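Student: Quick note, the sequences are listed as chains G and V, same order.
Oh and the first sequence: position 211 is 255 in the numbering used here, straight run, nothing missing.
Oh and the second sequence: position 56 is 100 in the numbering used here, straight run, nothing missing.
Don't read these hints as lab results, they were simulated from the structure.
Model, not experiment: these values are computed from the prediction.
One or more of the hints may lead you astray.
No copy is singled out in the list; a pair is fine if it fits within one copy or between any two copies.
[As the list claims (entries may be wrong)] With a straight-line cut-off of 20 angstroms between C-alpha atoms, the simulated EDC-like cross-links for lysine to aspartate or glutamate are:
hint	residue 1	residue 2
1	K230	D213
2	K221	E193
3	K170	E186
4	K221	E247
5	K230	D71
6	K230	E247
7	K149	D243
8	K171	D117
9	K230	E67
10	K149	E247
11	K221	E189
12	K230	D154
13	K221	E102
14	K210	E189
15	K230	E217
16	K230	D66
17	K149	E206
18	K190	E128
19	K149	D168
20	K230	E186
21	K230	E81
There are 2 protein chains.
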Amino acid sequence: MRWKKISDAVIRRLPLYLRVLDELAADPNVQLISSQELGVRAGVGPALVRKDLAWFGEFGKQGVGYEVRFLRDELRRILNLDSEINVALVGAGSLGIALSRYNQKRRAEDNSFTLNIAALFDSDPKKIGTEIDGVMVYSTEELKEKVTELDIRMAIITVPSESAQKVADALVEAGVKAILNFAPVKIGVPEGVHLASADLSLELQRLAYYLRD
Amino acid sequence: MRWKKISDAVIRRLPLYLRVLDELAADPNVQLISSQELGVRAGVGPALVRKDLAWFGEFGKQGVGYEVRFLRDELRRILNLDSEINVALVGAGSLGIALSRYNQKRRAEDNSFTLNIAALFDSDPKKIGTEIDGVMVYSTEELKEKVTELDIRMAIITVPSESAQKVADALVEAGVKAILNFAPVKIGVPEGVHLASADLSLELQRLAYYLRD
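Make the full structure from the sequences, and use the hints.
Tutor: Okay, structure coming up:
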């Protein structure tokens with residue numbers, strides 16, 4: 045199924061709703077949530093909550109609200125988070141290793157978290173063939189082969205800026221359709237591949253704006 | 045000076061423009077850039093580039109474009125990046141240490157990068173009083189004192205979810221006005237404090253949406 049016309053801004057809010065619903069579902073006494081309450085907890089206006097969810101179907105009842113577990117399951121399905129997704133992480137430097145560890149911790153705490161960093165890739169011969177916190181490090185030369193073998197569908201790039209585009213090209217060639225890039229450089233991907241930037245320096249630079257007094 | 049009504053979406057794009065201008069300014073043969081070219085390089089439509097910049101003044105000339113170094117300097121000034129800003133990082137775990145290292149590397153490569161992680165904070169007695177990659181680790185108990193002493197204006201939170209709100213409260217009390225939160229939990233801050241979330245799991249969950257084929 046595709047919902048072609050739905051904007052990135054809508055998609056960006058769905059994981060926020062999912063996080064709230066996951067928290068609520070942990071309480072067996074909670075059955076329903078109003079769009080008002082969901083909005084407050086997710087930090088989104090209630091009208092926007094209703095509008096966002098309406099893109100995907102009729103999940104709520106006027107005056108009653110949303111059934112928490114049903115909406116959670118629907119959002120998981122919409123976000124493709126209803127089954128395990130293997131993720132490659134390219135660049136096993138300190139940031140890459142920290143992210144891999146963070147992923148494992150997240151998965152240990154929350155068994156509904158389906159994103160799994162299944163393989164690390166690096167060009168350093170000293171790292172290749174070792175395991176870092178239980179995740180195998182492969183050579184970046186093996187990207188294409190391992191992406192197929194391990195059914196990897198997403199990738200995280202944590203290599204230095206100068207290698208980021210080359211790595212992205214190799215990932216695209218290997219068939220990866222979604223990439224999260226941490227290198228502080230703009231990279232290009234062909235249509236049909238979704239790229240998100242997690243450039244931390246950009247985020248900090250943006251925040252600095254608000255220091256004006 | 046304040047530009048009260050300018051939306052976060054506009055501010056979010058300014059560092060993208062700045063990055064392009066920094067790259068261009070490195071080439072002594074480049075003097076001018078059109079909004080078209082600036083847009084393409086920043087991944088933003090040219091009309092939006094002109095509209096965004098117009099919020100802050102008249103930087104370009106019709107049919108001529110923008111003077112690269114002048115616009116770069118103006119954007120730095122607007123973003124408060126024309127002088128050094130000390131940043132505290134709370135949570136010297138693997139992610140925190142990786143971010144601190146990333147910041148140092150970034151600063152070594154680019155001497156115009158003014159954001160400086162000047163102090164780490166942690167609650168682990170084994171870490172407190174040590175230096176990690178040249179940055180001192182203080183006790184989280186000392187937050188208020190050190191924020192004043194070191195003139196810290198921004199903070200990055202990389203503690204576990206359950207401590208994130210407590211840390212944010214302490215930072216706010218210490219006078220920090222901008223916080224980047226990496227803990228996968230929604231935290232609250234009072235008005236006047238700017239909070240950005242860098243929840244990596246949300247970013248990955250959002251990307252998973254695009255795997256649908």
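Student: If a hint holds in the structure, say so; if it does not, say that too.
Tutor: Hints, verified against the model:
Proximity of K230 to D213 under the C-alpha cut-off of 20 angstroms is restricted to the intra-copy arrangement: shortest distance 13 angstroms within a copy versus 35 angstroms between copies. Only within a single protomer do K221 and E193 lie at most 20 angstroms apart by alpha-carbon distance; the minimum there is 16 angstroms, versus 48 angstroms between protomers. In this homomeric assembly, K170 and E186 come within 20 angstroms of each other (Cα to Cα) only inside a single copy, at 16 angstroms, whereas the closest approach across copies is 40 angstroms. Taking the shortest alpha-carbon separations for K221 and E247, only the inter-copy value of 15 angstroms comes in at or below 20 angstroms, while the best intra-copy value is 24 angstroms.
In this homomeric assembly, K230 and D71 come within 20 angstroms of each other (Cα to Cα) only across copies, at 18 angstroms, whereas the closest approach inside a single copy is 43 angstroms. Taking the shortest Cα distances, K230 and E247 sit within 20 angstroms of each other both inside one copy (14 angstroms) and across copies (17 angstroms). In the homo-oligomer, the alpha carbons of K149 and D243 lie at most 20 angstroms apart only across protomers (14 angstroms), although the nearest pairing inside one protomer, at 22 angstroms, exceeds that limit. Taking the closest pair of Cα atoms, K171 and D117 never come within 20 angstroms of each other, the shortest separation being 39 angstroms inside a single copy and 42 angstroms across copies.
In this assembly of identical chains, the alpha carbons of K230 and E67 lie at most 20 angstroms apart only when taken from different copies (11 angstroms versus 35 angstroms within one copy). Only between protomers do K149 and E247 lie at most 20 angstroms apart by alpha-carbon distance; the minimum there is 17 angstroms, versus 24 angstroms within a single protomer. Only within a single protomer do K221 and E189 lie at most 20 angstroms apart by alpha-carbon distance; the minimum there is 16 angstroms, versus 48 angstroms between protomers. When the C-alpha separation of K230 and D154 is checked against a cutoff of 20 angstroms, the pair qualifies only between copies, where the shortest distance is 16 angstroms, while the shortest distance within a copy is 33 angstroms.
When the C-alpha separation of K221 and E102 is checked against a cutoff of 20 angstroms, the pair qualifies neither within a copy, at 29 angstroms, nor between copies, at 40 angstroms. For the homomeric pair K210 and E189, the shortest alpha-carbon distance inside one copy (17 angstroms) is at most 20 angstroms, but the shortest distance between copies (46 angstroms) is not. In this homomeric assembly, K230 and E217 come within 20 angstroms of each other (Cα to Cα) only inside a single copy, at 19 angstroms, whereas the closest approach across copies is 37 angstroms. In this assembly of identical chains, K230 and D66 lie within 20 angstroms of each other by CA distance solely across copies; the values are 13 angstroms between and 34 angstroms within a copy.
Within a single copy, K149 and E206 get their C-alpha atoms only as close as 30 angstroms, which misses the 20 angstroms cut-off; across copies the closest is 14 angstroms, which meets it. With identical chains, the CA atoms of K190 and E128 are at most 20 angstroms apart within one copy only, with a shortest distance of 17 angstroms there and 44 angstroms across copies. Proximity of K149 and D168 under a CA criterion of 20 angstroms is satisfied inter-copy only: 19 angstroms between copies versus 25 angstroms inside one chain copy. Taking identical chains as interchangeable, the C-alpha atoms of K230 and E186 are never at most 20 angstroms apart, the minima being 24 angstroms within one chain and 38 angstroms between chains.
When the C-alpha separation of K230 and E81 is checked against a cutoff of 20 angstroms, the pair qualifies only between copies, where the shortest distance is 14 angstroms, while the shortest distance within a copy is 38 angstroms.
Figure legend: structure checked against the earlier numbered hints; hints not met, in rising order: 8, 13 and 20.
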